[in-house]
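Novice: Each chain, letter by letter, is given below.
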Amino acid sequence: MDIVNKIGEILAQCPDISENNKSTMLAQLMELFNERAASSSNLYRNLESIRVKINNTKKEISAANAGGAVLDAKQALDQVVSSTEKAADSILDIAEDIQKVAANIESESEKEKLDKYTQKIFEECNFQDLTGQLLQKVIVTLQFIEDVVGDTLDNIDIDNSSQSEDEHLMNGPALKNESSQDDIDKMFD
Amino acid sequence: MLLLDLCATQIWEKFMAVDKDMPILVVDDFKTMRRIVTNLLLQLGFKNIGDAADGEAALECLAEKEYKLIISDWNMEPMSGFELLQKIRSSEEPLKSIPFVMITAESKPENVVKAKQAGVNNYIVKPFNAETLKGKLKSVLGDF
Numbered sequence: 001m002d003i004v005n006k007i008g009e010i011l012a013q014c015p016d017i018s019e020n021n022k023s024t025m026l027a028q029l030m031e032l033f034n035e036r037a038a039s040s041s042n043l044y045r046n047l048e049s050i051r052v053k054i055n056n057t058k059k060e061i062s063a064a065n066a067g068g069a070v071l072d073a074k075q076a077l078d079q080v081v082s083s084t085e086k087a088a089d090s091i092l093d094i095a096e097d098i099q100k101v102a103a104n105i106e107s108e109s110e111k112e113k114l115d116k117y118t119q120k121i122f123e124e125c126n127f128q129d130l131t132g133q134l135l136q137k138v139i140v141t142l143q144f145i146e147d148v149v150g151d152t153l154d155n156i157d158i159d160n161s162s163q164s165e166d167e168h169l170m171n172g173p174a175l176k177n178e179s180s181q182d183d184i185d186k187m188f189d
Numbered sequence: 190m191l192l193l194d195l196c197a198t199q200i201w202e203k204f205m206a207v208d209k210d211m212p213i214l215v216v217d218d219f220k221t222m223r224r225i226v227t228n229l230l231l232q233l234g235f236k237n238i239g240d241a242a243d244g245e246a247a248l249e250c251l252a253e254k255e256y257k258l259i260i261s262d263w264n265m266e267p268m269s270g271f272e273l274l275q276k277i278r279s280s281e282e283p284l285k286s287i288p289f290v291m292i293t294a295e296s297k298p299e300n301v302v303k304a305k306q307a308g309v310n311n312y313i314v315k316p317f318n319a320e321t322l323k324g325k326l327k328s329v330l331g332d333f
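Chains as they are written, first to last, in the numbering used here: chain A, 1 to 189; chain B, 190 to 333.
These aren't lab readings, by the way, just hints derived from the structure by calculation. Predicted model only: the values in this text are computed from it and were never measured. Heads up, the beta-carbon is just placed ideally off N, CA and C, and yes, glycines get one too. Be a bit skeptical, because a hint or two may be false.
[What the hints assert, rightly or not] Pairwise CB distance ranges, derived in the manner of DEER restraints:
hint, chain 1, residue 1, chain 2, residue 2, range
1, A, Ser90, B, Asp210, 29 to 39 Å
2, A, Glu60, B, Glu282, 50 to 60 Å
3, A, Lys53, B, Glu320, 23 to 33 Å
Please build the complete structure, drawing on both the sequences and the hints.
Specialist: Set out below in structure tokens:
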């Protein structure tokens with residue numbers, strides 16, 4: 001009712017506005033205010049649900065972590081990058097060992113076959129680099145979302161009547177406008 | 190006259206043949222990728238391959254040894270492949286003219302154009318295969 005009284009005080013200072021009009025204006029302002037308040041409440045609830053989801057995910061990640069340490073999303077994804085790097089390194093070790101064996105094979109055709117197979121293994125290990133780069137983008141985005149949601153909720157807590165607008169909550173890895181190798185080759189022809 | 194032409198052609202081809210002992214520098218912040226590129230280069234017959242984890246480390250390598258080809262990723266810290274390219278192209282000879290091939294997941298057309306304008310000799314998009322690497326190296330170095 002504070003706001004109603006405040007608006008009433010302001011309107012009282014406008015002698016040129018009739019009482020009927022003052023009542024209408026007050027009713028319209030209250031309607032607008034209630035709509036904004038409901039919208040603000042919705043925003044608060046949505047952001048709060050995002051924060052709860054992030055916190056629950058962190059708990060699930062730490063539960064899944066064999067070491068039992070509490071991990072946030074960044075640490076968990078860093079661990080994935082590290083694990084895939086170790087796996088790729090092991091695969092490359094084996095491929096290099098195969099190459100050493102192939103070097104001692106007398107049959108040229110068998111040697112060539114083994115070279116082709118090891119070449120294929122090297123090519124397939126590209127996955128680790130791409131996985132790592134994409135995961136790093138996801139990590140940065142998740143961290144950004146967590147920070148912005150946290151800040152926004154804090155601001156709403158301090159002043160429930162104000163509305164925070166964040167236009168850039170989601171800024172995921174961009175996969176649009178990608179060129180194929182053929183498109184790029186044309187630029188060099 | 191025909192025999193002379195044949196001899197001249199063979200001499201010319203030998204002169205222009207790609208030296209597989211040429212020092213090549215592979216630059217990528219992912220160790221796995223450095224190993225992949227190095228192994229593929231070894232399979233292509235190149236023997237003298239060095240590596241660096243980012244643009245700054247690459248510049249240190251280039252100060253110590255005269256490399257004849259650089260194969261570099263784009264996204265690296267603290268110095269990216271693009272920044273490395275810019276530094277090299279604004280250096281003195283022979284560093285300035287060193288062939289530079291970018292191997293990167295950056296495939297946006299504006300980035301390719303940017304790299305080309307900065308003086309990159311060729312551009313390979315990840316994931317790539319050995320055939321593509323061979324083809325691009327041939328276009329930069331000559332047939333081998």
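Novice: Confirm or reject each hint.
Specialist: Evaluation of the provided hints:
1. Remark: the range hint 29 to 39 Å for A:Ser90 to B:Asp210 is upheld by a beta-carbon distance near 31 Å.
2. Separated by about 58 Å at the C-beta atoms, A:Glu60 and B:Glu282 satisfy the suggested range of 50 to 60 Å.
3. Against the hinted window of 23 to 33 Å, the Cβ-Cβ separation of A:Lys53 and B:Glu320 comes to about 45 Å, which falls outside the hint.
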